[in-house]
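Visitor: Chain by chain, the residues run as shown.
There are 4 protein chains.
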Amino acid sequence: MEPLFATSRTEDLVPRIREFVQNELVPLETAEHLTGNFSVVAKRLDEKRELVKQAGLWGLQHSVDEGGLGLTLCEFGQVSEVLAWSPFGHYTFNCQAPDIGNMELMHKYASDAIKRQYLEPLKEGHIRSCFSMTEPEFAGSNPTRLGTTAVREGNDYVINGHKWFTSSADGASFAIVMAVTNPDAAPHRRASMILVPTDTPGFQLVRNISIMGDASDHWGSHAEVRYDDVRVPVGNLIGGEGMGFVLAQERLGPGRIHHCMRWIGISERCFDLMCRRAATRELEDGVMLGEKQFVQGFIAESRAEIDAARLMVLRTARNIDQFGASAVRNEISAIKFFVANVMLQVVDRAIQVYGAMGITDDVLLPWYYRHERGARIYDGADEVHKTALARSILKEYGLDTKKKAADLAATRA
Amino acid sequence: MEPLFATSRTEDLVPRIREFVQNELVPLETAEHLTGNFSVVAKRLDEKRELVKQAGLWGLQHSVDEGGLGLTLCEFGQVSEVLAWSPFGHYTFNCQAPDIGNMELMHKYASDAIKRQYLEPLKEGHIRSCFSMTEPEFAGSNPTRLGTTAVREGNDYVINGHKWFTSSADGASFAIVMAVTNPDAAPHRRASMILVPTDTPGFQLVRNISIMGDASDHWGSHAEVRYDDVRVPVGNLIGGEGMGFVLAQERLGPGRIHHCMRWIGISERCFDLMCRRAATRELEDGVMLGEKQFVQGFIAESRAEIDAARLMVLRTARNIDQFGASAVRNEISAIKFFVANVMLQVVDRAIQVYGAMGITDDVLLPWYYRHERGARIYDGADEVHKTALARSILKEYGLDTKKKAADLAATRA
Amino acid sequence: MEPLFATSRTEDLVPRIREFVQNELVPLETAEHLTGNFSVVAKRLDEKRELVKQAGLWGLQHSVDEGGLGLTLCEFGQVSEVLAWSPFGHYTFNCQAPDIGNMELMHKYASDAIKRQYLEPLKEGHIRSCFSMTEPEFAGSNPTRLGTTAVREGNDYVINGHKWFTSSADGASFAIVMAVTNPDAAPHRRASMILVPTDTPGFQLVRNISIMGDASDHWGSHAEVRYDDVRVPVGNLIGGEGMGFVLAQERLGPGRIHHCMRWIGISERCFDLMCRRAATRELEDGVMLGEKQFVQGFIAESRAEIDAARLMVLRTARNIDQFGASAVRNEISAIKFFVANVMLQVVDRAIQVYGAMGITDDVLLPWYYRHERGARIYDGADEVHKTALARSILKEYGLDTKKKAADLAATRA
Amino acid sequence: MEPLFATSRTEDLVPRIREFVQNELVPLETAEHLTGNFSVVAKRLDEKRELVKQAGLWGLQHSVDEGGLGLTLCEFGQVSEVLAWSPFGHYTFNCQAPDIGNMELMHKYASDAIKRQYLEPLKEGHIRSCFSMTEPEFAGSNPTRLGTTAVREGNDYVINGHKWFTSSADGASFAIVMAVTNPDAAPHRRASMILVPTDTPGFQLVRNISIMGDASDHWGSHAEVRYDDVRVPVGNLIGGEGMGFVLAQERLGPGRIHHCMRWIGISERCFDLMCRRAATRELEDGVMLGEKQFVQGFIAESRAEIDAARLMVLRTARNIDQFGASAVRNEISAIKFFVANVMLQVVDRAIQVYGAMGITDDVLLPWYYRHERGARIYDGADEVHKTALARSILKEYGLDTKKKAADLAATRA
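Protein chains in written order, with the working numbering: chain E, 1 to 413; chain D, 1 to 413; chain G, 1 to 413; chain C, 1 to 413.
Isolated chain E, as found in the complex (with noise of 0.2 angstroms):
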């Protein structure tokens, strides 16, 4: 815990959680869970759901007049950390993505009506929900290339497209997804978001995208979907027509910082996993492998890349909770690439102190190794977080590529 931003929330709330999960979540890490179907695990982990709710931590993350504790989004992000000492953790407490980031938006843009329906039993973690924006014929680095419709025909949307990484729509309740609405506006205002019940005719779970060797299933899948004449009632629209892209973006914010913190947790975690190794195994008689520089410099090394990345991650989340997400947008992409590549570093030294159980599923390892990759990909790659902080730089410097890139398109045009 960096004390730099430790409220008295926090001190309660993370040492009894890292204690839950060390206890009831970390003997689960076997390799029956590890490897199998998510739905395997999924059933021991909701029956941990029932010891969070009676310990009191259900609903971290809701806002006060949710009926949370409103913890700031740094003090969350303190928390997540320590939930993603365990792979298991953010689930068994249901602050998992998708459904943290469908439940914020939601509670802020959806019906009451829609709320009764849906919101409330997704809080009680009694169903889920996925989130269906990704398209496979579109580069995910432009959001605004969509090819999804939503026409509206009297009080109905019929919805018409094709989708991929829809995660966890496996047994999902409804998903949210994201289709052109207004095909005639300007780009960032054509999309809305709309709720769609996952047994409404024509909508098509085609397959669970086999990812790293698993296509695993439940919460645990990435789907890909087809939305064939899907007809909802208007009243599904979550926000207003055309919003879908600046909701898009009030997720993606905290959702990147929750990310970020996750990912510490995993490098922690790892962190862990090294050194214990290093101070345990003996490479010759009376010779540790900690002893050997090789690996001092993989764990002095990760210690102070890993500190680096949760200053910065929880000075950004500071910075939201008092100025806004957008106007820490830089730091939101120096975060996330920064943060993604320092736990894939750590994860990689791990495997190599190891040796060849690191890259057995006798070990934690692997799972980050294989799960995690997509790290530096899903929801901004690094070349795209990195591009756009350093043409905000730029900008201030008099470099306006944005408006540049804008011309030429318009001269191309």
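Just so you know, these hints were derived from the structure itself, not from any lab.
Please note: incorrect hints may appear among the correct ones.
[What the hints assert, rightly or not] Stretch by stretch, here's where chain C covers chain G in the computed footprint (C-beta under 8 angstroms, at least three residues):
1. 30 to 38
2. 135 to 144
3. 204 to 213
4. 283 to 294
5. 350 to 359
6. 375 to 383
Don't be surprised by glycine CBs; every beta carbon is placed ideally from N, CA and C.
Given chain E, put chains D, G and C in place with the hints provided.
Guide: For chains D, G and C alone, coordinates are given in the frame of chain E:
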């Protein structure tokens, strides 16, 4: 193909094999085959083996007196690169580890009876084999530390021990096991290699270890094995008693070259995938991924590094052909860590270029990302080879670290 | 300025100092001043020192009981970053190493007579001083190995020894020299610090060592020094006999923070130069350097790394303020290597962005490239700090490498 | 020496030159010669040139019809590596840039009169020359952007322009200047090369630019030059009008090989220094620097990378010999950035191994650190070559970025 090392034989073989791999094996690279148990794809590959035989390309690695082509190591290296264009190449051509190494060993050191019974069907691809050396209890960096023993009783050896990373044991007809036969000899003269049919009582395949999310089976598995009072005739000894390490070294030298050439094939394949994607993926209207400097940087650096790696490996192979493996031990250490790192870098960059698709099993990349992380560990971790190389160089400068360490150990004892 | 650590004092001081540095010192950064002897620019800087005094900014680093502002280390760190915007900042404000460290030591540990005679004029900037510790014959990584001796004869010490990297000795009025006074004590209790006026017979400035192409002179020099039967009164002892290492540690802790903050200032300056160039340099008609992704990558990565570095350093400074330097030894090790490497990376990238101009003394960059390469070496090389940090961490995991090394050394002896 | 590329001529020459460099030039590497003006050491080197002539080693680079040995580029590359063991090697053997390139150009394209008057004494080492191409106002990455003009008036060209990095102009007898003679031709056909004696009225050496702390003089300088109404006869044209870029390319291809081979020589020299230090520097009683894994890592990685670099360069040289430079443009781009980075890494590691001594001019390392930072910039920056290489590769994959850029520029215009 690098003209510097081309011979009339590689000029004949390489294009033919390349075409075979492209036409017969690449189409098998579906998510089904890349994520399921190996036995699924093995059925298909066994059909392809017939085509290999019909094409007169079976047994590429054999010496003339084994009835093969007698390719030099440098020639075989170039063949091996092309086989590695597909993850199924080496298996289909029956020159996959660990069988290739076992064939080589048995050809040189096994009795005629053993050859007839085991080597002949192995060369025909009728049976498979495995190699049982690494033990979970001891660090692989020091191969002289072995807990497995083979005690002579009459005309038998009685073997007891615990091994892992006995790759491909699942379904293999026999193992060659490394066991201590002469506990009182000097550390490097204690162990022997003994052939153990897997149906011998006491040979126990504990499990196929789950590796990077996947236990697989058949040739694609890596087993944990126990030897409990396994009794085999003394005639099953490969080479003489106490020759275990000498043979292991003899096996590892070319073995590392084989790995390195395979890694170059993998690098080229991923490079090709990366370039295809960069040239064809549209980012926005009329702008292709390959026009971005970040992607160009990935491509340019990969190109330079792969070329460097290939030259290093083929030079080393050629030097082994001319001077023997022990004369170029430094070169072998250098390529072991250099090439493994180049490959993993290229794989990683290719994934990044594919974006979200890059982590799905719709492309080949995650296969390599998962299955080749071990390259920096097996057959000597990066750190072990760097140390060995540096020490050997420093010895030429008058600093004999090995002698110093030995003196120190003596002092301590 | 990082709001997290801002205080009313830094909010007042930092902008004023920034303006002073920008207006008075940056214009002096001409090739003439950047490549000639330091004495040339020193004349100009001495005039600026008057302006500093007039502006009430003299003596920033002093504690309240020294008549200063009593800035915390964390506050002074923020000031120091701004001073480092110019290579002439610290000198002009009289808080340059090694004088700042000597002042601190003398304030705490020198006799009143010594203070009157040497500390007072030093604080006024009327004289300069140097610190004589490192010896060419012994590795700096082990500071307890010293060849210089101070033998007590009556009321004098007679000092003999050979030192180098006695920075700024040229023109200094006195040196504080580290010498063995108690050869039979435990290694860390053998040495003492003694003040030696440079006009004492036997004090011999052998040469200003040419460093990175430049011997320079005056404050900008790094001398090799011999002490041949140098005789000084025992009252010149700073602190008690045998306290040399304790005092050196006390000096080095904040000293490393000072360096780190300076490095961040340097990083920011080079970052600013890089961005200016990127925003204004035309590559071809209408296309600016900053539109290239490679350059954007340099900018984005630098921004993230510098921010990380600053947070790490200020956190450490704050912890030193609260808990003392010895409590955060690990953090100090971490920032020492982390920040030095960030700085050198940023300098290198900025040079690359400037192209051919980047290696000319028409810009400031080569100054830092040459003069700061030592940052990864002095006050503990990267390797030393990485090892120290890792060992300290591993000790918490039960592996006491220090104890093992000591046991081993004992065995050997 | 890499046996793969050895010929009877390199087997004869390389050891003789190595011995000469070691015995005659290495002793001159004193701080005095490494930091002062080049004219100081030039006097000593001119004496050594006599010894070179006596040894029959003068004019190594010349073709047979120039009266030389007619070494292939691949052979000369191996010679060049050995010359680069000392920073004074190439100058002493009169095959230093820019004279070597000028000799080559003039031999092929100058009139007989020009050859007699300028080439002959240049080959004898009686005079020196320079090459005037880069202009401070235009980015070097696009060589077709030139401000210097040569207007024909009667039988003269009248030249006006502003150049920098006209290396070695100080004391040179003539410059070959790149100037626009045909402003209305296609961009690549506008410029010509013209020989300008430096005593022509209007030729003005503005200054020797201070580079990395050092303006130096004589061959060691890099001048800023102005051409103010400089009038030379049309017979001073080298090649035809408008052939400037063709000749520049012809010059740069082998020029880059020459640089690369020199860089390998530098890398080997620094590697040797690093190993010597590691093997002999005591850290504490009985423990040598080279026993530390960090240092072993530096040595092992450097060894692998230098070997890779050499193989890449010699292969490229051989391919240029066989197929011409334009056929292996990609390889040339690859080695340009690959080898420069290897060299600078090795230099940096060697400095780190030397510790404090590593930044002093008591060792050769800072010379290379300062003088070779430019290697990643001159003759095409890393970024330029990476882009060029990637674009060329992507063209084979169907993406013609050059054509697209041209289309775009046309659209814009």
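Visitor: Would you mind marking each hint as holding or not holding in the structure?
Guide: Right, here's what the structure says about each hint:
1. 30 to 38: holds (count 3)
2. 135 to 144: holds (count 5)
3. 204 to 213: Answer holds; 5 residues pass the 8 angstroms Cβ test.
4. 283 to 294: holds (count 7)
5. 350 to 359: holds (count 7)
6. 375 to 383: holds (count 6)
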